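For reference, each letter of the sequence shown is one residue, going 7 to 282 in my numbering.
I should point out that these hints are in silico values taken from the structure, not numbers from a laboratory.
Accuracy of the hints is not assured; some may be wrong.
[What the hints assert, rightly or not] In silico lysine-lysine, BS3-like type, Cα no more than 27 Å apart, as pairs:
no. : residue 1 : residue 2
1   : K195      : K109
2   : K199      : K220
3   : K199      : K109
4   : K110      : K121
5   : K121      : K199
[Unchecked claim] If you anchor each label on the Cβ, the simulated ranges turn out as follows:
no. : residue 1 : residue 2 : range
6   : G180      : P228      : 20 to 30 Å
7   : D225      : P149      : 18 to 28 Å
8   : R260      : I236      : 11 to 21 Å
9   : S102      : P267      : 43 to 53 Å
10  : L117      : N159      : 45 to 55 Å
11  : L117      : I263      : 46 to 56 Å
Please read these numbers as outputs of a predicted model, since none were measured by experiment.
Note that CB positions come from ideal geometry on N, CA and C, so glycine has one too.
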Amino acid sequence: GVIMAKAAVKNDDEKTTKKRAKKAEAKEAESVEAQQEEQTEIVSEANDVKAEGSKKENGTNGKSKKDKEAESIHAKYERIKKGDLHLKDLQDLDASELHKIAKKEAIEDYLGLSKQELIFKILKQRIQQNGLMYGEGVLEVLPDGFGFLRSPNYNYLSSPDDVYVSPSQIRRFGLRSGNIVSGQIRPPKDSEKYFALLRVEAINYQEPDMLSDKVVFRDLVPLHAEDRLILETVSDELSMRIIDLITPIGMGQRALIVAPPRTGKTVLLQKIANAI
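Please construct the entire structure, taking both the sequences and the accompanying hints into account.
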């Protein structure tokens, strides 16, 4: 009887222990679920905050892009008013801003001048006061050996504010037509007509010495077309089949279509484009 009583007590203790273990596991599971829910809420809140921040940032970026051009023009105008001379900045300003600068510089009869002549007058007036200014443009080397820095604002045509580049500078730096040259310039002397380049500061927005590492375009190794383009698409399209048979073309290849008027050159180009 004593043994049976001890066994019964032992069984009760084991049941109690199991119940306690189950309760502990249930509490632990509930705490884990609560922690997961809290983490989910924290992550969702963080995502909401991040989304709001990105919206604000996008709104700010959109606003800055919208006002970027106006702000850049205003910054250039303020810099020129302070005396920091750059020919390209003047060329980027409109006529009204140039008139304000001309009025401040006490230039006479500036209202009747063209934009090119007005820039020329402003530069000449400023250089007499400061003695130094900067210019930039695309070089055009003439057959006589000298060249000029042309401006894209005038479609790279001749203008009064072009900058003269001497033959010695062209030979020294190996300058070629098409190079973007920046540097210090001086006003024309009594017998001269154009501004002159005194010192080359940069070529193609890089150090002048780096131009010697560039290979001349005509000396580059050509890459011929290797992958052929099959233009024939359907059996009814005879024009593309004829091109494939007589004048096949490949990727990267150029072609010239020569034919009398009203013979379908444009239609043939459309068919080639559709086939590709």
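Here's how the hints hold up against the structure:
The hinted pair formed by K195 and K109 meets the criterion: a straight-line CA distance of about 24 Å does not exceed 27 Å. With a C-alpha separation of about 33 Å, the suggested pair K199 and K220 falls outside the 27 Å cut-off, and the hint is violated. A hinted pair counts as satisfied when its Cα atoms are at most 27 Å apart, and K199 with K109 qualifies at roughly 24 Å. With a C-alpha separation of about 16 Å, the suggested pairing of K110 with K121 holds against the 27 Å cut-off.
Of the supplied pair hints, the one linking K121 and K199 holds, its CA atoms being roughly 17 Å apart against a limit of 27 Å. A hinted range of 20 to 30 Å holds for the C-beta pair G180 and P228, which are about 23 Å apart. Against the hinted window of 18 to 28 Å, the Cβ-Cβ separation of D225 and P149 comes to about 22 Å, which satisfies the hint. Between R260 and I236 the beta carbon distance is about 18 Å. The supplied range of 11 to 21 Å therefore holds.
About 48 Å separates the C-beta atoms of S102 and P267, a value consistent with the hinted range of 43 to 53 Å. Range check, L117 to N159: Cβ separation about 21 Å, and the 45 to 55 Å hint is violated. Between L117 and I263 the Cβ separation comes to about 52 Å, which falls inside the hinted range of 46 to 56 Å.
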